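Visitor: Listed here are the chains, written in short residue letters.
2 protein chains.
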Amino acid sequence: MRENAKEPERHARRMAAKQKVMQQRIERAQKEQGVLLVLTGPGKGKSSSGFGMVARALGHGMKVGVVQFIKGKFSTGEEAFFRDQPGVDYHVMGQGYTWDTQNREQDEESARAAWEVVKNMLADDSYKLILLDELNIALRHEYLDLDEVLDDLQARPEMQHVVVTGRYAPKQLIELADTVTEMKVVKHAFKDQGIKAQAGVEL
Amino acid sequence: MRENAKEPERHARRMAAKQKVMQQRIERAQKEQGVLLVLTGPGKGKSSSGFGMVARALGHGMKVGVVQFIKGKFSTGEEAFFRDQPGVDYHVMGQGYTWDTQNREQDEESARAAWEVVKNMLADDSYKLILLDELNIALRHEYLDLDEVLDDLQARPEMQHVVVTGRYAPKQLIELADTVTEMKVVKHAFKDQGIKAQAGVEL
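Chains A and B, in that order, are what the protein sequence lines are.
Each position in the first sequence, counted from 1, maps to that position plus 22 in our numbering.
Each position in the second sequence, counted from 1, maps to that position plus 22 in our numbering.
Quick caveat, the hints were computed from the structure, so don't treat them as lab data.
Every value quoted in this text rests on a predicted model; they were computed, and no experiment measured them.
Hints are supplied without guarantee of correctness; some may be wrong.
If several chains are the same, the list does not tell them apart, and a pair holds so long as it fits within one copy or across any two.
As a list, the in silico DSS-like pairs of lysine-lysine whose alpha-carbon atoms are at most 30 Å apart [as the list claims (entries may be wrong)]:
id, residue 1, residue 2
1, K206, K40
2, K42, K141
3, K209, K193
4, K193, K40
Work out the full structure, taking the sequences as your base and the hints as a guide.
Guide: Here it is as structure tokens:
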């Protein structure tokens with residue numbers, strides 16, 4: 023419902039009411055702690071949202087860890103941009119998309135090696151935010167042990183934020199998470215409309 | 023449904039089939055053009071996704087324009103991080119959230135001034151990607167004329183990407199867009215669980 027542009031007083035009253043609700047909410051929510059955030063679902067924007075949070079954390083002067091569990095054969099813009107930013111520790115697992123390797127053993131080995139990198143970050147409170155990009159896909163394929171992953175996430179430093187992306191987030195991870203967003207496809211140019219995947223927005 | 027870790031051959035076959043589908047899709051989708059992408063819905067991650075796409079585009083060496091239509095009173099991490107990145111032209115509209123100003127006329131004026139900045143970007147094909155952060159909120163409050171906005175978006179250079187974020191994307195914008203993601207709240211720490219909004223992930 024759009025508001026009537028002709029009623030500035032009603033508008034001011036509504037805005038004042040909203041402001042009050044926001045203030046109350048902020049006052050009530052005084053529990054300071056690291057957040058476990060999961061971005062899942064089939065819609066576009068999960069990884070880019072995770073990388074946006076990396077940028078935001080860097081803007082606050084935080085040290086950030088990034089571990090990508092799936093990487094395309096294409097050079098990705100995120101990697102080119104973030105790998106050498108000061109304050110970023112950037113790791114990429116293995117050898118391209120799982121449907122490119124076609125070798126389960128190799129994928130499992132790469133995933134386990136990547137999780138060792140994550141474990142070290144999760145044990146180090148100098149990392150203020152850790153992005154585990156496409157971890158859900160590695161869990162989906164059972165390249166990693168879900169219980170071990172959940173235990174390590176729970177045992178992390180109290181103030182550390184972790185962002186997990188990827189379709190098919192396991193139910194137990196959603197239960198453990200503080201904030202979960204599911205991204206729904208309303209329309210997809212690449213899939214629906216025969217538009218080529220575009221560098222910059224897609225790759 | 024999780025696959026059985028004990029069946030490496032079936033796994034390799036499935037991955038090969040997926041690879042084939044991906045290749046066919048990429049071959050079919052050869053239409054090179056700028057994409058209009060809308061990130062909407064109540065879930066967390068719309069703006070951060072837009073900023074992730076900014077980072078990705080910068081990683082490809084593209085020039086990027088950012089116009090924020092709503093800005094909190096808090097300094098935001100995105101602004102601190104991106105404002106001085108080479109290749110970024112960063113503008114922030116007006117004076118804080120609309121529920122802080124409580125002055126409709128001032129908000130309309132700020133929105134119109136911000137749209138003039140956008141118009142110049144939309145007329146300049148050196149901008150390869152433009153992020154219009156929280157534009158949907160300005161449209162929702164009718165601070166801008168929707169038809170004018172849609173006309174300007176349609177008249178932009180063929181290869182220019184535009185990303186629009188914010189709840190309540192108008193139906194006509196969704197119709198015009200190439201790709202639309204709706205972000206659904208599954209859980210929200212700040213709202214549901216009394217956890218304070220956290221610098222880095224929330225602010």
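Visitor: All hints are to be evaluated individually against the structure, with a verdict given for each.
Guide: How the hints compare with the structure:
Proximity of K206 to K40 under the C-alpha cut-off of 30 Å is found in both arrangements, the shortest distances being 27 Å within a copy and 21 Å between copies. For the homomeric pair K42 and K141, neither the shortest alpha-carbon distance inside one copy (42 Å) nor that between copies (35 Å) is at most 30 Å. For the identical chains of this complex, K209 and K193 are neighbours both inside a copy (26 Å) and across copies (13 Å), given an alpha-carbon limit of 30 Å. Taking identical chains as interchangeable, the C-alpha atoms of K193 and K40 lie at most 30 Å apart only when they sit on different chains, with a minimum of 24 Å there against 34 Å within one chain.
Going down the numbered hints, you'll see the structure goes against just number 2.
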